[in-house]
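The lines below spell out each chain.
Number of protein chains: 2
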Amino acid sequence: MAHTAELIAVGTEILLGNIANTDAQLLSEKLAELGIDVLYHTVVGDNPKRLRAALELARTRADIILTTGGLGPTYDDLTKETICETFGRKNVRRPELEDWLRGVFANRGRTMTENNLRQTYLPEGCTVFLNQNGTAPGCAFCEGGVHVLMLPGPPHECALMFETGAAPYLRALSHEVIVSHTLRIYGKGESEVESILHDRIVKMTNPTVAPYAKPDECMLRVTAKAESAEAAEALLAPVVDEVMDAVGEWVYGVDVDNLESVCLALLRERGATLSAAESCTGGLIAKRITDVPGASAAFLGGVVSYTDGVKAEVLHVPQALLDEFGAVSEPVARAMAEGVRAVTGSDYALSVTGLAGPDGDDRGNPVGLVYIGLAGPNGTTVRECRFGRRTREHIRQQAANTALDLLRRALRQAT
Amino acid sequence: MAHTAELIAVGTEILLGNIANTDAQLLSEKLAELGIDVLYHTVVGDNPKRLRAALELARTRADIILTTGGLGPTYDDLTKETICETFGRKNVRRPELEDWLRGVFANRGRTMTENNLRQTYLPEGCTVFLNQNGTAPGCAFCEGGVHVLMLPGPPHECALMFETGAAPYLRALSHEVIVSHTLRIYGKGESEVESILHDRIVKMTNPTVAPYAKPDECMLRVTAKAESAEAAEALLAPVVDEVMDAVGEWVYGVDVDNLESVCLALLRERGATLSAAESCTGGLIAKRITDVPGASAAFLGGVVSYTDGVKAEVLHVPQALLDEFGAVSEPVARAMAEGVRAVTGSDYALSVTGLAGPDGDDRGNPVGLVYIGLAGPNGTTVRECRFGRRTREHIRQQAANTALDLLRRALRQAT
Numbered sequence: 001m002a003h004t005a006e007l008i009a010v011g012t013e014i015l016l017g018n019i020a021n022t023d024a025q026l027l028s029e030k031l032a033e034l035g036i037d038v039l040y041h042t043v044v045g046d047n048p049k050r051l052r053a054a055l056e057l058a059r060t061r062a063d064i065i066l067t068t069g070g071l072g073p074t075y076d077d078l079t080k081e082t083i084c085e086t087f088g089r090k091n092v093r094r095p096e097l098e099d100w101l102r103g104v105f106a107n108r109g110r111t112m113t114e115n116n117l118r119q120t121y122l123p124e125g126c127t128v129f130l131n132q133n134g135t136a137p138g139c140a141f142c143e144g145g146v147h148v149l150m151l152p153g154p155p156h157e158c159a160l161m162f163e164t165g166a167a168p169y170l171r172a173l174s175h176e177v178i179v180s181h182t183l184r185i186y187g188k189g190e191s192e193v194e195s196i197l198h199d200r201i202v203k204m205t206n207p208t209v210a211p212y213a214k215p216d217e218c219m220l221r222v223t224a225k226a227e228s229a230e231a232a233e234a235l236l237a238p239v240v241d242e243v244m245d246a247v248g249e250w251v252y253g254v255d256v257d258n259l260e261s262v263c264l265a266l267l268r269e270r271g272a273t274l275s276a277a278e279s280c281t282g283g284l285i286a287k288r289i290t291d292v293p294g295a296s297a298a299f300l301g302g303v304v305s306y307t308d309g310v311k312a313e314v315l316h317v318p319q320a321l322l323d324e325f326g327a328v329s330e331p332v333a334r335a336m337a338e339g340v341r342a343v344t345g346s347d348y349a350l351s352v353t354g355l356a357g358p359d360g361d362d363r364g365n366p367v368g369l370v371y372i373g374l375a376g377p378n379g380t381t382v383r384e385c386r387f388g389r390r391t392r393e394h395i396r397q398q399a400a401n402t403a404l405d406l407l408r409r410a411l412r413q414a415t
Numbered sequence: 001m002a003h004t005a006e007l008i009a010v011g012t013e014i015l016l017g018n019i020a021n022t023d024a025q026l027l028s029e030k031l032a033e034l035g036i037d038v039l040y041h042t043v044v045g046d047n048p049k050r051l052r053a054a055l056e057l058a059r060t061r062a063d064i065i066l067t068t069g070g071l072g073p074t075y076d077d078l079t080k081e082t083i084c085e086t087f088g089r090k091n092v093r094r095p096e097l098e099d100w101l102r103g104v105f106a107n108r109g110r111t112m113t114e115n116n117l118r119q120t121y122l123p124e125g126c127t128v129f130l131n132q133n134g135t136a137p138g139c140a141f142c143e144g145g146v147h148v149l150m151l152p153g154p155p156h157e158c159a160l161m162f163e164t165g166a167a168p169y170l171r172a173l174s175h176e177v178i179v180s181h182t183l184r185i186y187g188k189g190e191s192e193v194e195s196i197l198h199d200r201i202v203k204m205t206n207p208t209v210a211p212y213a214k215p216d217e218c219m220l221r222v223t224a225k226a227e228s229a230e231a232a233e234a235l236l237a238p239v240v241d242e243v244m245d246a247v248g249e250w251v252y253g254v255d256v257d258n259l260e261s262v263c264l265a266l267l268r269e270r271g272a273t274l275s276a277a278e279s280c281t282g283g284l285i286a287k288r289i290t291d292v293p294g295a296s297a298a299f300l301g302g303v304v305s306y307t308d309g310v311k312a313e314v315l316h317v318p319q320a321l322l323d324e325f326g327a328v329s330e331p332v333a334r335a336m337a338e339g340v341r342a343v344t345g346s347d348y349a350l351s352v353t354g355l356a357g358p359d360g361d362d363r364g365n366p367v368g369l370v371y372i373g374l375a376g377p378n379g380t381t382v383r384e385c386r387f388g389r390r391t392r393e394h395i396r397q398q399a400a401n402t403a404l405d406l407l408r409r410a411l412r413q414a415t
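From first to last, the protein sequence lines stand for chains A and B.
Just so we're aligned, residue 1 is where the first sequence starts under the numbering used here, counting upward by one.
Just so we're aligned, residue 1 is where the second sequence starts under the numbering used here, counting upward by one.
I should point out that these hints are in silico values taken from the structure, not numbers from a laboratory.
Just so we're clear, the structure is a prediction, and the values are computed from it rather than from any experiment.
Idealized CB from N, CA, C, for every residue including glycine.
There could be a bad hint or two in this list.
Derived Cβ-Cβ restraints for the label pairs, each shown as a range [to be verified]:
#  : chain 1 : residue 1 : chain 2 : residue 2 : range
1  : A       : D361      : B       : E393      : 43 to 49 Å
2  : A       : D361      : B       : R108      : 55 to 61 Å
3  : B       : H316      : A       : T208      : 55 to 61 Å
4  : A       : T205      : B       : T12       : 17 to 23 Å
5  : B       : L173      : A       : T205      : 33 to 39 Å
6  : A       : D361      : B       : E98       : 55 to 61 Å
7  : B       : E393      : A       : D308      : 31 to 37 Å
8  : B       : D323      : A       : F105      : 27 to 33 Å
9  : A       : E324      : B       : R110      : 35 to 41 Å
10 : A       : F105      : B       : T74       : 25 to 31 Å
11 : B       : R268      : A       : N115      : 45 to 51 Å
12 : B       : T74       : A       : P95       : 55 to 61 Å
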């Protein structure tokens, strides 16, 4: 039987708009992967009466309730007490948690104030989830056929506790194992991918193939249910192959984080190095690459050449090119890529010059026009892109994505 | 009488975790500014039965219901129809909307398919909110003392329609005007700010002063209610002055977007230019500055010097300094700032060199150690920072914030 879930976030700061309920997105995605249907998200403030009403309603319409927030040590943390009242459980002290908690504070070199001991009380008979990123433990119990799981609110605490505590608890509710692989796609939109695959995927039941739109890219999730992980993988393999035959051209990775981590992995495999010369992206490519831990193994650095002067002085773009063609041009993109490659001594170099808006340039070039260069051991290529009059943010992200995808394709060929 | 609101987001893609319910955060923040208490957020899928149940519940516990999503042209957009059924209104065709809609498509050079005409039907007698960023109009009506407002789901459509349509509708429900000013603070945490101001703010009722934690910074919101905007401003002025007397040292701006936009505004006021040399921040400072439209008026560019080689070759950091003190050191931060200032010819230059993790360096320097340099017309200063073993993301953002705040303080003095 398929399980249904409701997420209840507890926190006045969410209702005031001070923070977004990002836990709900993360948990929804993870629960979908476990084959659990999330039917509702609810947010209530730090108010026991309204929380109790939300819990009473949730137990009538879902068989799994996940709460986030309200597990901390202060007076407005009321989730455990309210859940205990609603489900008729005692909130009992767990002496073993006191030792653990004192250890957490000692490791941080901080003194534990006594109010922290509230965190050692949990509903009687529950499964305890230790908090590896904080001080408030979570827990789970089942009452009257409804599973209640409590997770802390801070996103990094919630995410880790879901993986280490809640996910194993939920997996054990089912005899089936669900395994997914995610194909990340750049250069084709969700609707195009869907139309290419439509006839193949529309009748599938196990595995299933589902396209999702992400900002500036899309992805395909291939999911199988089986008695074991091995059996699920055996079901998945031919379907992944079939999908790759149809749209593999645009798949930049399977179960990967993003384009930049794929590029870095390819660079490291080939023992090659990279630099970047950025005009309209203003450091975005360098920032994204160095977001990845260990980027220094392949990324040497870059130049943000926001003016003609920096292009000429630092990147040695000939002034004659700037004068004749303007900064936003194919020849300048080429010279920027070759310039930063020479200056840093990297094997590969990316360049971006274009108009992210709000204004065009005095040569009449439109917002959204971007030239992207790639210099490498086999020469230099430049691509002209027109990203249209969307937001500055969109144009910059698309320019960075296109540059990284160009590099990825070149590295794939350079085997 | 204070109004209470419930937000209902309609969209299976939120329950699947494909997108976050960011509309709820934005609307919550805006409703708080209007003095409306948001008591619940609810998310339901594209399912008329569950949406109807959510609406029936919401009308019993709030006097304003704001829905987001489900207003589009496709078969799973069911919000209007379900609301009409729930509140006993007809969904009627608005001929004038057809002309408007055909105009939107014509302006984009696209053909309008007939299913788009569904968007010209709205509940009888409603106030229409035109969509300036899309094709689905929104609307509002009042039934049995409950105001129902429908907004589109895509965040940029929802945000603009709230400002242009929903906010004026909601303001008209009250005889009072609510005005807020937001003081943005860097370098002091929420609890420190709260403790400095506690005695002053705890007894205030109008205006009120409320501290909020934001990632890596905090803010104070000063809010007044009065019969007119002028009267509210008159109440606010002395309170803002009093708060500034107490914590103004750390306030980087009032009603501003962020540190980078404040720095750019100060640079432009002074006719001064900026460059940046970044090691561990890897382009983050340049990226944040160039996120701001019009950054090119003051930002010349920068160098991402992720290796000693780039520091030496491009920034002319003496190899002897790198050998003797290592890349993460006060002398190298100083030489980087002076180097990028010389190379770009800027008036001011920031530099960052440090360890963002996951690993320390082979000199035994710890993760979180960062040197931040500022070179300017009056010489060069370097600050040593220890951001601790937090995440790579946190260390990089804190390093960028500290650098920008250092620049802001220098520019403030350079009047």
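Here's how the hints hold up against the structure:
no.	hint	verdict
1	A:D361 - B:E393: 43 to 49 Å	violated (34 Å)
2	A:D361 - B:R108: 55 to 61 Å	violated (24 Å)
3	B:H316 - A:T208: 55 to 61 Å	holds (58 Å)
4	A:T205 - B:T12: 17 to 23 Å	holds (19 Å)
5	B:L173 - A:T205: 33 to 39 Å	violated (50 Å)
6	A:D361 - B:E98: 55 to 61 Å	violated (39 Å)
7	B:E393 - A:D308: 31 to 37 Å	holds (34 Å)
8	B:D323 - A:F105: 27 to 33 Å	violated (42 Å)
9	A:E324 - B:R110: 35 to 41 Å	holds (37 Å)
10	A:F105 - B:T74: 25 to 31 Å	violated (54 Å)
11	B:R268 - A:N115: 45 to 51 Å	holds (49 Å)
12	B:T74 - A:P95: 55 to 61 Å	holds (57 Å)
Hint compliance for this structure: hints 1, 2, 5, 6, 8, 10 are broken, all remaining hints hold.
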